[in-house]
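K.L.:
Okay, here's what each chain looks like letter by letter:
2 protein chains.
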Amino acid sequence: MDAHGGNIYKLEKEFNISKEDIVDFSSNINPLGISEKLKNEIINNMDILQYYPDPEYNDLKSAIARYIGDDTDHIFVGNGAVELIFLYARILKPETALILSPGFIEYSLALNHAGTKIAHYRLNEKDNFYPDIQGLKKEMEKGYELIVICNPNNPTSMFIEPEAVLEIISFADKRNQRVLLDESFIEFVDPAYASSNISLFKKYRNVFLLRSLTKFFAIPGLRLGYAVSHDSGFMKSLKKYREPWTVNQFADLAGRTLLKDKDYISNSVELVSKEKAFLYSALSAVEWLKPFEPFANFMLVKLQADLTSADLKGILQKQGILIRDASNFKFLNNKFVRFAVKNRKCNEKLLNALSNIG
Amino acid sequence: MDAHGGNIYKLEKEFNISKEDIVDFSSNINPLGISEKLKNEIINNMDILQYYPDPEYNDLKSAIARYIGDDTDHIFVGNGAVELIFLYARILKPETALILSPGFIEYSLALNHAGTKIAHYRLNEKDNFYPDIQGLKKEMEKGYELIVICNPNNPTSMFIEPEAVLEIISFADKRNQRVLLDESFIEFVDPAYASSNISLFKKYRNVFLLRSLTKFFAIPGLRLGYAVSHDSGFMKSLKKYREPWTVNQFADLAGRTLLKDKDYISNSVELVSKEKAFLYSALSAVEWLKPFEPFANFMLVKLQADLTSADLKGILQKQGILIRDASNFKFLNNKFVRFAVKNRKCNEKLLNALSNIG
Numbered sequence: 000m001d002a003h004g005g006n007i008y009k010l011e012k013e014f015n016i017s018k019e020d021i022v023d024f025s026s027n028i029n030p031l032g033i034s035e036k037l038k039n040e041i042i043n044n045m046d047i048l049q050y051y052p053d054p055e056y057n058d059l060k061s062a063i064a065r066y067i068g069d070d071t072d073h074i075f076v077g078n079g080a081v082e083l084i085f086l087y088a089r090i091l092k093p094e095t096a097l098i099l100s101p102g103f104i105e106y107s108l109a110l111n112h113a114g115t116k117i118a119h120y121r122l123n124e125k126d127n128f129y130p131d132i133q134g135l136k137k138e139m140e141k142g143y144e145l146i147v148i149c150n151p152n153n154p155t156s157m158f159i160e161p162e163a164v165l166e167i168i169s170f171a172d173k174r175n176q177r178v179l180l181d182e183s184f185i186e187f188v189d190p191a192y193a194s195s196n197i198s199l200f201k202k203y204r205n206v207f208l209l210r211s212l213t214k215f216f217a218i219p220g221l222r223l224g225y226a227v228s229h230d231s232g233f234m235k236s237l238k239k240y241r242e243p244w245t246v247n248q249f250a251d252l253a254g255r256t257l258l259k260d261k262d263y264i265s266n267s268v269e270l271v272s273k274e275k276a277f278l279y280s281a282l283s284a285v286e287w288l289k290p291f292e293p294f295a296n297f298m299l300v301k302l303q304a305d306l307t308s309a310d311l312k313g314i315l316q317k318q319g320i321l322i323r324d325a326s327n328f329k330f331l332n333n334k335f336v337r338f339a340v341k342n343r344k345c346n347e348k349l350l351n352a353l354s355n356i357g
Numbered sequence: 000m001d002a003h004g005g006n007i008y009k010l011e012k013e014f015n016i017s018k019e020d021i022v023d024f025s026s027n028i029n030p031l032g033i034s035e036k037l038k039n040e041i042i043n044n045m046d047i048l049q050y051y052p053d054p055e056y057n058d059l060k061s062a063i064a065r066y067i068g069d070d071t072d073h074i075f076v077g078n079g080a081v082e083l084i085f086l087y088a089r090i091l092k093p094e095t096a097l098i099l100s101p102g103f104i105e106y107s108l109a110l111n112h113a114g115t116k117i118a119h120y121r122l123n124e125k126d127n128f129y130p131d132i133q134g135l136k137k138e139m140e141k142g143y144e145l146i147v148i149c150n151p152n153n154p155t156s157m158f159i160e161p162e163a164v165l166e167i168i169s170f171a172d173k174r175n176q177r178v179l180l181d182e183s184f185i186e187f188v189d190p191a192y193a194s195s196n197i198s199l200f201k202k203y204r205n206v207f208l209l210r211s212l213t214k215f216f217a218i219p220g221l222r223l224g225y226a227v228s229h230d231s232g233f234m235k236s237l238k239k240y241r242e243p244w245t246v247n248q249f250a251d252l253a254g255r256t257l258l259k260d261k262d263y264i265s266n267s268v269e270l271v272s273k274e275k276a277f278l279y280s281a282l283s284a285v286e287w288l289k290p291f292e293p294f295a296n297f298m299l300v301k302l303q304a305d306l307t308s309a310d311l312k313g314i315l316q317k318q319g320i321l322i323r324d325a326s327n328f329k330f331l332n333n334k335f336v337r338f339a340v341k342n343r344k345c346n347e348k349l350l351n352a353l354s355n356i357g
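So the protein sequences, as listed, match chains Y and B. Under numbering that gives the first Met the number 0, the first residue of the first sequence carries the number 0, and numbering increases by one thereafter. Under numbering that gives the first Met the number 0, the first residue of the second sequence carries the number 0, and numbering increases by one thereafter.
Hints may contain errors.
When chains are identical, the list treats them as one kind, so a pair holds in a single copy or across two.
Cross-link-like lysine-lysine pairs, in silico, DSBU-like; alpha carbons within 35 angstroms at most [what the hints assert, rightly or not]: (1) K317 x K9; (2) K141 x K92; (3) K38 x K12; (4) K201 x K9; (5) K239 x K12; (6) K261 x K12; (7) K312 x K173; (8) K261 x K125; (9) K239 x K136; (10) K137 x K259; (11) K273 x K92.
For the record, the hints were derived by calculation from the structure and aren't laboratory data. As the structure is a computational prediction, the values presented were derived from the model and not from experiment.
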């Protein structure tokens, strides 16, 4: 089974379907697609490829700083958020970590490579996968060196409001615990959080805040993420241990172009909000499906029928529809799948295919 | 001082010169520039950015396999050769390593991070920086776990013929020593080596052969390198520890496009050979300069005058000419600079500027 969604290449080969004919609900990408402004910028700046990227990424960091309302000194860019997850784990090498789970699989992988002893704080189905904050604090008292939170969370699409996140961060700070807070999907909840959460969390040096342009700006092929930290000593270590030029020139250009594209941002939020409501409501009406309320641009769905997640994936795959079998997430099982929110035509194709199964 | 060449961004800011007006002799990029075929492919395939890269990079590896005449199983792709240098060091974690020096600075950095005890095998000026093969073998008998060779070497542009490299590899193999062989500039010596060296070295499981598309195909901004290894156990470790999607979609596309572009390859070799001979001969005629015979697309030059490498860099910088101060390479000093071979117009601009100094 694939560790991630989005492996359209395997589907192309196995079923002899061309990429363009695959409707991919398995990767959580903004259905608005790539911004036309970015396409034009790439076409008009082809020659930057013959230069090495700026090793300091100064202009890119300035663009991010303006977007989030912070200083460039607190920003670190990476080849997708994934590079930053691995770099963080490798440098911090925490002895113990507590991951809110089910969660993105790369946290465990990165921490495993760093030799960390990992515990999972279970998010329960009966609570719609929302954490029991007091229970979490009690667990944190056991003294984990690192707490890992993804908000909104993947694959549950559950969202913890910023004040509750602040409570966790502050509680951790008092105990010298660090928090890896992954906000890769935050703009799908509300683009205002992109800056307001920074001003809320920035007095806490124990937070390593991750962001991604991959999902919201629909550029998973270009690879761009960033981290925000107010721990200057740790930022120095990051700089010391990072490999040069991991962010390519077009990703650098994308950051400088997309973060100031207010039309794209508002159009995306409008489209995703509308389609999320449509898909959630339509799926709720399907007797054998139980979708959990989504805050990001995807939703976790439980199958209340005889078929398994692998069965459903297989059935849809034959029709060129790719979904994420969510059974390999910690604490989930073969009754869970994840659907991305796409445009109306695609969402209807999925709904239509599902209606033929029940 | 910059650890690498190519930092045109600093020059832009410090001297208020635009990137287009800088003549960059500090980074070793093919003066033919980016292939028009690649530019067209990018324009026609903009939509691939909204997909994650193939996590297995199967088509890219097939293109490389055809180019070098080997199987995809023995190929590992990376975000530039640099990612592969760091990944190799991190996974192998050799206790000791012997680096032929002066050499590319990232080997030491990567091995330092891995906790390796590093020794340097000195390449001597009096030998035009060509290694004493018997002396090297004698040194290797001390039992280093890893030998690091860059061929042709950066910054000396010295080339060890394949038979002599084979002798070193075979000698190392008998002693269970590994060889990191960086051939990032090999096509500039002769594109035929790209495949013939593979067939020569491939029976040795102790070799980790590195290649780059950055320099020869003039895409330092896109980031693409690959490694060839016939050690299947080690390849498994690489796969296990690598972070997903480090090679972006356009880099993947570039590999599939460029390696079969025979015209670009032959035109590049023709241009660089001609200009290398021209620049080497012209520099040899300058009394206060001593260029060492170049095999790659750059040359190491010794200043036989009162001024230092930093002085010369400063003087040329004011005229928008960026060169590599080579004083921070092991065993070199402030009398060494490195010039890339560029097109005739640029080479003449450099020669003209130099003639005004003497």
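K.L.:
None of the hints should be skipped; say for each whether it holds.
P.N.:
Hint check:
1. K317 x K9: Result: close within a single copy only, 13 angstroms intra versus 54 angstroms inter.
2. K141 x K92: both (18 angstroms within a copy, 33 angstroms between copies)
3. K38 x K12: Both ways: K38 and K12 sit 28 angstroms apart in one copy and 27 angstroms across, limit 35 angstroms.
4. K201 x K9: Between copies, since 29 angstroms is at most 35 angstroms while 42 angstroms is not.
5. K239 x K12: Between copies only: 23 angstroms across, 42 angstroms inside.
6. K261 x K12: Classified as between; 28 angstroms across copies, 38 angstroms inside a copy.
7. K312 x K173: neither (45 angstroms within a copy, 51 angstroms between copies)
8. K261 x K125: neither (38 angstroms within a copy, 62 angstroms between copies)
9. K239 x K136: both (33 angstroms within a copy, 34 angstroms between copies)
10. K137 x K259: Cα proximity of K137 and K259: none, with 41 angstroms in one copy and 60 angstroms across.
11. K273 x K92: neither (42 angstroms within a copy, 52 angstroms between copies)
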